[in-house]
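J.: All chains should be modelled from the sequences, with the hints used to inform the complete structure.
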Amino acid sequence: MTQVLLEARGISLGYPREQGWQSVLEDFDLQLAPGEVITILGPSGVGKSSLLRVLAGLQQARSGSVSLLGEPLQGPHPRLAVAFQDPSLLPWLSLEKNVAFGLDFARQPKLAASERRARIDHAIEAVGLQHAREQYPAQLSGGMAQRTALARCLARQPQVLLLDEPFGALDEVTRADMQQLLLQLIARHNTAAVLITHDIDEALLLSDRVLLLGNHPARTLGQWHIDLPQPREQRVEELGALRIDILKTLRRASRASEPDSEPLPLASETAHVPGRLHPHSS
Amino acid sequence: MGKHVLHGALGIAGLLGLLLLWWLGVQVFGEADGLSARFSPQATLSSLVELLGQGEVYEHVWVSLKRILIGLLLALLIGVPLGLLVGSYRHLEAATTPAFQFLRMISPLSWMPVVVMLMGVGDQPIYFLLAFAALWPILLNTAAGVRQLDPRWLQLSRSLSATRRETLCKVIVPGVIGHVLTGVRLAIGILWIVLVPCEMLGVSAGLGYFILDTRDRLAYSELMAMVLLIGVLGFMLDALARGLHRRWVHA
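Same order as they appear, the protein sequences are chains V and S.
Following the UniProt record's numbering, the numbering of the first sequence begins with 1 at its first residue and continues without gaps.
Following the UniProt record's numbering, the numbering of the second sequence begins with 1 at its first residue and continues without gaps.
Hints in this document: simulated from the structure, not taken from any laboratory.
Small disclaimer: the values here were computed from a predicted structure and weren't measured.
Think of the CB as a built atom: it goes at the ideal place given N, C-alpha and C, for glycine as much as any other residue.
The hints are all genuine.
For each label pair, taking beta carbons as the anchor points, the in silico distance ranges come out as: (1) S/I78 with V/A113: 38 to 46 Å; (2) V/Q139 with S/E93: 31 to 39 Å; (3) S/V5 with V/A106: 47 to 55 Å.
T.: Here's what the structure looks like:
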């Protein structure tokens, strides 16, 4: 039995309407193992960002529960670090101070000054921004700003990294760089991560497991284990087959959700895994 | 870098052009009876050098700067808390905006007779008028700063388990300071303009007083020297306020 770091059970999301409730996401389950990278993939509007906020303890779900290391999650937790879509840097602080931001907060674990120093230096070095530590956010490019945000997460040495489309606003080259950087950092620190994205390729390149959300209200349409070593750019064939499989599942689901059509039986734990990809057993 | 040098050079050329126009103006429109010659750049500059050589002018500059500082501090003391309040509550903002806009558009100088009647002559009415003039840009910019606080900053501080106090001290206050400094910069511009006429209110020191004094002594080249000095000091104050703002926002 592997240890479970972060666990979500029966999460439902929605928002109040004039009459009753509009459900957005229903019955979402997740179990994140140490060192594992899970991607939650889905089209816009399935509540992915809200889901991540729930996993981060920043928002209450309508129902369901989240626990971290077996303890129910009551709110933001020092062991969890969140990287948002936007780098959210504070413009009046230098890059270095932005990375350090929050380390000395009362509810964070107490750190000796030397340890704090070392963590900041290490995090800045890990994202390759030693040359820019005195610069201010207005002077940073989009990629540098996103690296800074990542360093801010790393400095806290979290056990779980939650990432909400952190590379969505970057150009393709920078994006590929950042994906590689993220993988290296996750491997080096043995951090587990949950990544939200609507980009299938990003999901295929980065994760050990892909959860596909779709439909209205959204459910987990399928789940794929990807057992390919990094770097994966060369494995076009295997990834291509998987890509088609994911797209098919998504299409079938959207067809099934149209009125007057036969509902399609959708197992939430389906594992369509061609070639070297191992089916997921739960 | 080359662009900065070019812009600097163009700025200096513009100032020299102004000097040339001044000189031409006196040459063309002045009569050769000697009175207008006292308004010329040459006479003004030599008077300025002479004035700066004596101690008296420093006294007046110091008094004026002190008044600006006190007026600004009073405006900050009232304007920042009020701005924080107004920016935080939509209803309060709706209730106060028309009144503030109305008061803001009344020239502070038009209150002069009323203030002198209430407070008598001396420094007090000057402080009041200066604070009143500087209040609006500070108040309105502070309120705008609160409204424009980036919700992502607040989300970040929540995700880092910040306490209320940490959020206030490390996110909200620094986030608003940039806007307050914009208000201060605008306020300094207004203060400097309002100061000189305010100091013509029966006080016995300050740059405004000194202008009237030179007029009464028929020392016109000194009068022009004071006009020049007021311009230079105002220019420097504005540069200082700009520098302060830039240092904070690093834009």
